[in-house]
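Asker: Residue-level listing of the chains:
Number of protein chains: 2
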Amino acid sequence: MRKIIVQKYGGSSVANTKRIESAAKRIVRYKRKGYDVVVVVSALGDTTDELLDLASRITKNPSERELDMLMSTGEQISVSLLAMAIHKLGCEAISFTGAQVGIITDAKHTKARILDINTVRIRRELKKGKVIIVAGFQGTSPDSEITTLGRGGSDTTALALAKVLKAKVCEIYTDVDGVFTADPRIVKDAVKLESISYEEMLEMASLGAQVMHSRSIEVASKFNIPIHVRSSFNNKEGTWIIKEVKAMEDVLVRGVTVNKNEAKVTICNVPDKPGLAAKIFKRLADDDINVDMIIQNVSRTGSTDMSFTVNGTDLQKTLRSARVISHDIKAKGVTHDKNIAKVSVVGVGMKSHSGVASKMFSALASKRININMISTSEIKISCVVDKKKADEAVKAIHREFKLGRR
Amino acid sequence: MRKIIVQKYGGSSVANTKRIESAAKRIVRYKRKGYDVVVVVSALGDTTDELLDLASRITKNPSERELDMLMSTGEQISVSLLAMAIHKLGCEAISFTGAQVGIITDAKHTKARILDINTVRIRRELKKGKVIIVAGFQGTSPDSEITTLGRGGSDTTALALAKVLKAKVCEIYTDVDGVFTADPRIVKDAVKLESISYEEMLEMASLGAQVMHSRSIEVASKFNIPIHVRSSFNNKEGTWIIKEVKAMEDVLVRGVTVNKNEAKVTICNVPDKPGLAAKIFKRLADDDINVDMIIQNVSRTGSTDMSFTVNGTDLQKTLRSARVISHDIKAKGVTHDKNIAKVSVVGVGMKSHSGVASKMFSALASKRININMISTSEIKISCVVDKKKADEAVKAIHREFKLGRR
Chain A
1 MRKIIVQKYG GSSVANTKRI ESAAKRIVRY KRKGYDVVVV VSALGDTTDE
51 LLDLASRITK NPSERELDML MSTGEQISVS LLAMAIHKLG CEAISFTGAQ
101 VGIITDAKHT KARILDINTV RIRRELKKGK VIIVAGFQGT SPDSEITTLG
151 RGGSDTTALA LAKVLKAKVC EIYTDVDGVF TADPRIVKDA VKLESISYEE
201 MLEMASLGAQ VMHSRSIEVA SKFNIPIHVR SSFNNKEGTW IIKEVKAMED
251 VLVRGVTVNK NEAKVTICNV PDKPGLAAKI FKRLADDDIN VDMIIQNVSR
301 TGSTDMSFTV NGTDLQKTLR SARVISHDIK AKGVTHDKNI AKVSVVGVGM
351 KSHSGVASKM FSALASKRIN INMISTSEIK ISCVVDKKKA DEAVKAIHRE
401 FKLGRR
Chain B
1 MRKIIVQKYG GSSVANTKRI ESAAKRIVRY KRKGYDVVVV VSALGDTTDE
51 LLDLASRITK NPSERELDML MSTGEQISVS LLAMAIHKLG CEAISFTGAQ
101 VGIITDAKHT KARILDINTV RIRRELKKGK VIIVAGFQGT SPDSEITTLG
151 RGGSDTTALA LAKVLKAKVC EIYTDVDGVF TADPRIVKDA VKLESISYEE
201 MLEMASLGAQ VMHSRSIEVA SKFNIPIHVR SSFNNKEGTW IIKEVKAMED
251 VLVRGVTVNK NEAKVTICNV PDKPGLAAKI FKRLADDDIN VDMIIQNVSR
301 TGSTDMSFTV NGTDLQKTLR SARVISHDIK AKGVTHDKNI AKVSVVGVGM
351 KSHSGVASKM FSALASKRIN INMISTSEIK ISCVVDKKKA DEAVKAIHRE
401 FKLGRR
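Heads up: the sequence lines are chains A and B, in that order. Letter 17 of the first sequence, counting from 1, is numbered 17 in our numbering, and no numbers are missing. Letter 290 of the second sequence, counting from 1, is numbered 290 in our numbering, and no numbers are missing.
Chain A with its partners taken away, still in its complex shape (with noise of 0.2 Å):
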């Protein structure tokens, strides 16, 4: 049996015809050493906005179930545009839909999940000899509707993929170079990571780098899947994304992020009464409300300020929500902040290490940097700082920690 690997293209990579034929080059080059190749293709660049921007000026409250049959069709665009170029270098490949090649998901329109992923069209077309070109983020449902995954849907498609075909390699084509100690825009001398632990990449991930997204890492993490995040625009190694390995733990911290588009949302003088944390947190849930960090002071008067960040986008509805929590439980309203900044540290050598925390601490001291919340896990620890102040601090921390080139 060949060698099956699957490659992903992002958008940037199938931006334009150009950026298509040159995919197609590369996609060619691994078929002809020998691979079988299976592709999964993103909407070219802006063609997501694009139909989003239609889609807006007819309704704000568009049906999700229209909103699905709109955006599948951006990667259908990209697959048919791929399997010509590859065609015209005489290569033989056929594109698929997600439901043409058996991408069955569950209903729940615009962030759907896979449930199945039937591989006998794909295997048959891999005997001919074909590159399998996959249109990312869609699938089907069992009532044939046409649904998409969600942010980042293109990697689980990758993902799942190279999970149902025991393939080799996951190769994730992006516009950077691979996964860096800290975003090269703000540090300078970042360094780009050879390789880096599932555990890593996902609070990473979460935490603000926008390389991948945490589903696909779970599926991977999940089955044992390398992945290989590389540029499309060089054949330079990338970032291998792997299972933890025993010499990862020499290395105190991975990586420096940050996240910008989080707000701090506070819940004055809630009365201390038990249960109270309980009630307000599982409100926030059923309103479909992602709590991130929270903090809350010991109470010496009876009552006490309940304080959490939230994703940006949801700050209106978690105001909403917040107010009407407040009103409830008899506390004294609710104030907010949008100035901050959440900044991490990312290390599987954390479990084994001490110290990482009091170093993050002093860094940011040294620089007068005033830290307004702390969260820790096992591998990140996390302050919100004010969000002027936040690029300093990614600076200051990848230099205590050296993460510089040398």
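It is worth saying that the hints were derived from the structure and are not from the lab. Check the hints yourself; a few may be wrong.
No farther apart than 35 Å at their CA atoms in a straight line, the calculated lysine-lysine pairs in the DSBU-like style are these [to be verified]: (1) A/Lys108 <-> B/Lys130; (2) A/Lys25 <-> B/Lys338; (3) B/Lys338 <-> A/Lys88; (4) A/Lys111 <-> B/Lys130; (5) B/Lys338 <-> A/Lys317; (6) A/Lys108 <-> B/Lys127; (7) A/Lys351 <-> A/Lys332; (8) B/Lys31 <-> A/Lys60; (9) B/Lys338 <-> A/Lys60.
Given the structure of chain A, go ahead and fit chain B onto it with the hints provided.
Answerer: Same frame as chain A, now just chain B:
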């Protein structure tokens, strides 16, 4: 059972979000009048050209299967947007791709023919009170490949649906008020026809009137489905295309058409041997060339010129083919002329009246317009003239038969 109406909106009727909203209003109006409404939609205005342009930037010879994958996205975009616009007006609607709604075609990509339509899903959704919105121009082969129906495909989808759903009428919404006695851009006093027979409309369509494509009229004629061609920009009655009625014969000529997109090809000095004409036109047919008019003069010298007209877009292909044929049959080469136009009069009245031809020829003679080729059928007469004189010819004939406004 409620009355079913099928409405087809062409590209100009959904060219932008404003027009989509206006189509939605019309649809909801019919729904509230008590009709079950099934809508067929073309791609938004220029989408088709934009997609073709993308493909042409990649390859001059795209695979027809991949071209169908690409082109079918155009209608998928318009159906989802139209569904959203109807929802916004408080009316239930659901959009479908050709595959979802069960439009089964053969596997001839880019020019597939509808084999069957499974109406289960449509009837189920109609029962729920929903407006059904179907992507025109597309279907699915028995192997689940996406196919398109070729030129005028959305009309064909609409008529095929009208047939299987036993609709009372199929409305074709376009950017003109109906079918005219001549192109109003050429003849100022051209008159909108109240009605026209399938037979006449078929001739008019193949003779250059661009309102509807012949294939869909054939379907309507075969199953006697009334078509109402009308404007989506106003509420005026348009033109009814119906079965021939007795009173129609009182009108000698229904309309005058012109086709400026033909070219004449001549194979010179064809030896006067039996079977050569058959050989020539069989070879052209084998090369997939549609020949329109054919002229051969009586031979006096042992050889003759054989002239025929083809669609202008097929000219290069035809010349290549004709040169090979000329060599094989020992003729004396091939000439061609693109500066021709075919002017025709159409009317079922001709069946029972004579003198139409002589009236047409004398109208041309009075303007000193030379007739190059003549071709007649039971209900039409066509003359090939110099392209520069074509508009003048149309005007003269229109006047001769007194077709203008009184």
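Asker: Next, verify each hint and record whether it holds.
Answerer: Here is what the structure says about each hint:
no. : hint                  : in the structure
1   : A/Lys108 <-> B/Lys130 : holds (21 Å)
2   : A/Lys25 <-> B/Lys338  : violated (42 Å)
3   : B/Lys338 <-> A/Lys88  : holds (33 Å)
4   : A/Lys111 <-> B/Lys130 : holds (25 Å)
5   : B/Lys338 <-> A/Lys317 : violated (66 Å)
6   : A/Lys108 <-> B/Lys127 : holds (24 Å)
7   : A/Lys351 <-> A/Lys332 : violated (40 Å)
8   : B/Lys31 <-> A/Lys60   : holds (24 Å)
9   : B/Lys338 <-> A/Lys60  : violated (52 Å)
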